[in-house]
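Student: Below, each chain spelled out in residue letters.
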Amino acid sequence: MSWLGILSDLMHNTIVFSTALILAALGGLFSERSGIVNIALEGLMIVGAFTSAVVTHFVDQSLGGSPWSPWIGFLVAIVAGLLFSLIHAVATVSFNSDHVVSGVALNFLALGATVYLTKIIFNGAGQTKTLQTVFTKWEIPYLSDIPYIGKAFFTAYPTSYLAIILVFVSYYVLWKTPFGLRLRSVGEHPKASDTMGINVYKMKYIGVMLSGVFAAMGGASIALTTTSNFSHTTISGQGFIALAVLIFGKWNPFGILGAGLFFGIAQALNSLMQVFELTKYVPVDFIFMLPYVLTILVLAGLIGKAIPPKAIGKPYVKGSR
Amino acid sequence: MKKYLLLLILVLGISTLLAGCGTDTENGAENNQGTEESLVKIGMVTDVGGVNDNSFNQSAWEGLQLLDKDLKGEVKVDFAQSTSDAEYIPNLTQFVKAGWDLTWGIGFLMGDHVKTVAEQNPEAKLAIIDAVVDAPNVASVTFKEHEGSFLVGVVAGLMTKTDKIGFVGGMDIPVIARFDAGFTAGVKAANPDAKIIYNYTGAFDKPDLGKAAAATMYDQGVDIIFHAAGATGDGVFNEAKARKDAGQDVWVIGVDKDQSITFGDDITLTSMMKRVDQAVYRVSKELVDGEFKPGLIQLGLKENGVGLPAENPNIPADVLEKVNEFKQKIINGEIEVPSEK
Numbered sequence: 000m001s002w003l004g005i006l007s008d009l010m011h012n013t014i015v016f017s018t019a020l021i022l023a024a025l026g027g028l029f030s031e032r033s034g035i036v037n038i039a040l041e042g043l044m045i046v047g048a049f050t051s052a053v054v055t056h057f058v059d060q061s062l063g064g065s066p067w068s069p070w071i072g073f074l075v076a077i078v079a080g081l082l083f084s085l086i087h088a089v090a091t092v093s094f095n096s097d098h099v100v101s102g103v104a105l106n107f108l109a110l111g112a113t114v115y116l117t118k119i120i121f122n123g124a125g126q127t128k129t130l131q132t133v134f135t136k137w138e139i140p141y142l143s144d145i146p147y148i149g150k151a152f153f154t155a156y157p158t159s160y161l162a163i164i165l166v167f168v169s170y171y172v173l174w175k176t177p178f179g180l181r182l183r184s185v186g187e188h189p190k191a192s193d194t195m196g197i198n199v200y201k202m203k204y205i206g207v208m209l210s211g212v213f214a215a216m217g218g219a220s221i222a223l224t225t226t227s228n229f230s231h232t233t234i235s236g237q238g239f240i241a242l243a244v245l246i247f248g249k250w251n252p253f254g255i256l257g258a259g260l261f262f263g264i265a266q267a268l269n270s271l272m273q274v275f276e277l278t279k280y281v282p283v284d285f286i287f288m289l290p291y292v293l294t295i296l297v298l299a300g301l302i303g304k305a306i307p308p309k310a311i312g313k314p315y316v317k318g319s320r
Numbered sequence: 000m001k002k003y004l005l006l007l008i009l010v011l012g013i014s015t016l017l018a019g020c021g022t023d024t025e026n027g028a029e030n031n032q033g034t035e036e037s038l039v040k041i042g043m044v045t046d047v048g049g050v051n052d053n054s055f056n057q058s059a060w061e062g063l064q065l066l067d068k069d070l071k072g073e074v075k076v077d078f079a080q081s082t083s084d085a086e087y088i089p090n091l092t093q094f095v096k097a098g099w100d101l102t103w104g105i106g107f108l109m110g111d112h113v114k115t116v117a118e119q120n121p122e123a124k125l126a127i128i129d130a131v132v133d134a135p136n137v138a139s140v141t142f143k144e145h146e147g148s149f150l151v152g153v154v155a156g157l158m159t160k161t162d163k164i165g166f167v168g169g170m171d172i173p174v175i176a177r178f179d180a181g182f183t184a185g186v187k188a189a190n191p192d193a194k195i196i197y198n199y200t201g202a203f204d205k206p207d208l209g210k211a212a213a214a215t216m217y218d219q220g221v222d223i224i225f226h227a228a229g230a231t232g233d234g235v236f237n238e239a240k241a242r243k244d245a246g247q248d249v250w251v252i253g254v255d256k257d258q259s260i261t262f263g264d265d266i267t268l269t270s271m272m273k274r275v276d277q278a279v280y281r282v283s284k285e286l287v288d289g290e291f292k293p294g295l296i297q298l299g300l301k302e303n304g305v306g307l308p309a310e311n312p313n314i315p316a317d318v319l320e321k322v323n324e325f326k327q328k329i330i331n332g333e334i335e336v337p338s339e340k
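Residue numbers (numbering that gives the first Met the number 0), protein chains in the order written: chain A, 0 to 320; chain B, 0 to 340.
Simulated from the structure, these hints should not be mistaken for laboratory data.
For each residue, glycine too, the CB sits at the ideal point set by N, CA and C.
There's no promise every hint is true.
Straight-line C-alpha distance at most 20 Å; calculated EDC-like pairs for lysine to aspartate or glutamate [unchecked claim]:
#1 K279/A / E339/B
#2 K243/B / D284/A
#3 K194/B / E339/B
#4 K128/A / E61/B
#5 K292/B / E302/B
#6 K160/B / D257/B
#7 K150/A / D248/B
#8 K118/A / D171/B
#9 K187/B / E276/A
#10 K150/A / D218/B
#11 K279/A / D111/B
#12 K118/A / D218/B
#13 K340/B / D284/A
#14 K118/A / D84/B
#15 K136/A / E320/B
#16 K75/B / E61/B
#17 K128/A / D171/B
#18 K292/B / D84/B
#19 K136/A / D248/B
#20 K136/A / D244/B
#21 K340/B / D193/A
#22 K150/A / D244/B
#23 K317/A / E138/A
#24 K128/A / D257/B
#25 K194/B / E276/A
#26 K96/B / D111/B
#27 K163/B / E187/A
Derived coverage of chain A by chain B (criterion: at least 3 residues anywhere in the stretch with Cβ under 8 Å from a Cβ of chain B; other residues may be distant) [claimed, not checked]:
#28 44 to 56
#29 257 to 271
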């Protein structure tokens, strides 16, 4: 196998693993740009993965293997993520609670509740049944026939295309629309925004709810493409890695795209190194560690200064000085 | 200030409550105890793979369910699922303390934990699959996986069209090494030209890693993958299914159970069955009959503890004949299958 072939394979797998990270990090972006720290990305992904798996399973059963069932699961997961994120919004925006504490609580709640519900729904088993119909890879006509590049970039799951499209949409919305300007201003200087007649609370609510939508998409994209089921390990740390992606990406959609791909490579290397027998030179355990080591390095500030939104994490109380 | 404290307490309270409920249903150990004093109670604790892992945990549970069916009214069976290795000891202890007559630990990963619980509760009876626990009150059941893996290796060696075969392992532990060694020997015995590509995913509960491993292998021209990776192997099947639907000629060799039942005959070439269900059934039955013997029980081809399923619609007759030849030779001792890589 040529080096080009290996690279194309690596890229292909990288996109598979990056998809969920990019989606969840975009969710974090909307929330944090509005000034709300969202450490609950992990929990929101869990809710998304759980809902999508359960809904897809039952829709699939009643429709008898319709290719639409994963789409229905995906949409319901988005709604579930939105509703779940409302808890965070109410706690942090309306009740001014500490963002980190609320986020941690939501993470526990999500894992506990979904595993509990899985056990009730599937007769005590800790994971859902294996889904019969999931997303399959789409090959873009003509483009996917290009040697190497076609395999690397134009053969992917629909959710991967969606993630990349949403990167551009997010950039447009946040930087080119009045709504985006308002959302960002609320995260930078809520008092000034309030003076200008922007409804600060409404903006923050929207930011958190969008993060629920995106993170749930991320979770669902894992359950509906790679694992084909939901168990307590389906989401194990991706939400936190997505936070690292958000910081590494410097709170910018294109930064997130790049950072997401970077962390995806760390995952993709895992299987590739072994298959190409590169593990003769590097012990495989080091490759298993790679994503986590990278996360620590990135968060320890190895990437230069990342400047968060100015008013992030601070509760906004109308009229206070 | 007060408001948000209250809210926090509420949220935390709910999450603890839910987590609490989870453990309760999980270990239904204490349900209906008073009325069922006369029953022989047998519990099992799964490892992190979970009871629906399409693999050995599920197989063990099927063994107990069969026992429950055959001896209706004499036994009571239940399982507790572990979500992390920190839960092995609490789960095992829960059955033991509730006075269950036999507690199974399923899987190599639970070896040390079963030993600890057995030593703390010398009067209790325990049993473990896939690990050897040296304690006077524990029955240890191990399998000669290398013998069964040799046979599926022969199948793969004879049936590959590309002369490239994949092996996806969970963790690099002695049990999986036996699969690896036997399979490698079997492939080489049947087809010395075949190349085997190995991939250890480092987890038994990560279908996404299994899927990525399989995708990379199939892209390299591998046409048959043997997985010994528990629920991680589900990912191998998922990838094979996607490729089969797209018209590619790929196969998976399943593990532990006849996985064609779960994943279908169109992608499952055959399976290296490890009769965990029969072993669990046998030892549990002995307990019911009052003949429980602690110590080591080893099951190989000869004891029918490992092997291919009875029905193999995807394997041509001449290949099956060859497989049976090898099987006979292993049973007679003419071929010594290596158990280490």
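Student: Does each hint hold? Answer for all of them.
Tutor: Each hint tested on the structure:
1. Between the alpha carbons of K279/A and E339/B the distance comes to roughly 19 Å, so the proposed pair stays at or under 20 Å and holds.
2. For the hint pairing K243/B with D284/A, the CA-to-CA distance comes to about 32 Å; that exceeds 20 Å, so the pair is violated.
3. Among the hinted pairs, K194/B with E339/B is consistent with the structure: their alpha-carbon atoms are about 19 Å apart, no more than 20 Å.
4. For a cut-off of 20 Å, the pair hint linking K128/A to E61/B stands: about 16 Å separates their Cα positions.
5. Proposed proximity of K292/B and E302/B is supported: the alpha carbons are some 17 Å apart, at most 20 Å.
6. Taking the CA atoms of K160/B and D257/B, the gap is about 23 Å. The hint is violated against a cut of 20 Å.
7. Our distance criterion of 20 Å between C-alpha atoms is met by K150/A and D248/B, whose separation comes to about 19 Å.
8. A hinted pair counts as satisfied when its Cα atoms are at most 20 Å apart, and K118/A with D171/B does not qualify at roughly 30 Å.
9. For the suggested pair K187/B and E276/A, the alpha carbons sit about 19 Å apart, so the restraint of at most 20 Å is met.
10. The hinted pair formed by K150/A and D218/B meets the criterion: a straight-line CA distance of about 10 Å does not exceed 20 Å.
11. This hinted pair does not check out: K279/A and D111/B have alpha carbons roughly 31 Å apart, beyond 20 Å.
12. For the hint linking K118/A to D218/B, the alpha-carbon distance of about 37 Å lies beyond 20 Å, and the restraint is violated.
13. The straight-line distance between the Cα atoms of K340/B and D284/A is roughly 18 Å, inside the 20 Å bound, and the hint therefore holds.
14. Distance hint between K118/A and D84/B is fulfilled; the C-alpha atoms sit about 19 Å from each other, no more than 20 Å.
15. Restraint check for K136/A and E320/B: the C-alpha separation of about 39 Å exceeds 20 Å, so the hint is violated.
16. Taking the CA atoms of K75/B and E61/B, the gap is near 14 Å; set against the 20 Å cutoff, the hint holds.
17. The suggested pairing of K128/A with D171/B is violated, with an alpha-carbon distance near 27 Å, which exceeds 20 Å.
18. Between K292/B and D84/B, the direct Cα distance comes to roughly 27 Å. Violation of the 20 Å bound is thereby established for this hinted pair.
19. With a C-alpha separation of about 17 Å, the suggested pairing of K136/A with D248/B holds against the 20 Å cut-off.
20. The hinted pair formed by K136/A and D244/B meets the criterion: a straight-line CA distance of about 11 Å does not exceed 20 Å.
21. Proposed proximity of K340/B and D193/A is contradicted: the alpha carbons are some 69 Å apart, above 20 Å.
22. For a cut-off of 20 Å, the pair hint linking K150/A to D244/B stands: about 18 Å separates their Cα positions.
23. Pair hint K317/A plus E138/A does not hold up; C-alpha atoms about 52 Å apart against a cutoff of 20 Å.
24. A distance of roughly 17 Å separates the Cα atoms of K128/A and D257/B; the hinted pair therefore holds under the 20 Å criterion.
25. The hinted pair formed by K194/B and E276/A meets the criterion: a straight-line CA distance of about 12 Å does not exceed 20 Å.
26. Distance check on the hinted pair: K96/B and D111/B sit about 18 Å apart at the alpha-carbon level, within 20 Å; holds.
27. Restraint check: the Cα-Cα separation between K163/B and E187/A comes to about 58 Å, which exceeds 20 Å; the hinted pair is violated.
28. Check result for the segment 44 to 56 of chain A against chain B: violated, 0 residues qualifying (beta carbon to beta carbon below 8 Å, three or more required).
29. For a cut-off of 8 Å, the count of residues in the segment 257 to 271 of chain A with a CB near a CB of chain B stands at 5, and the three-residue condition holds.
The structure fails to meet hints 2, 6, 8, 11, 12, 15, 17, 18, 21, 23, 27 and 28 from the earlier list, while all remaining hints are met.
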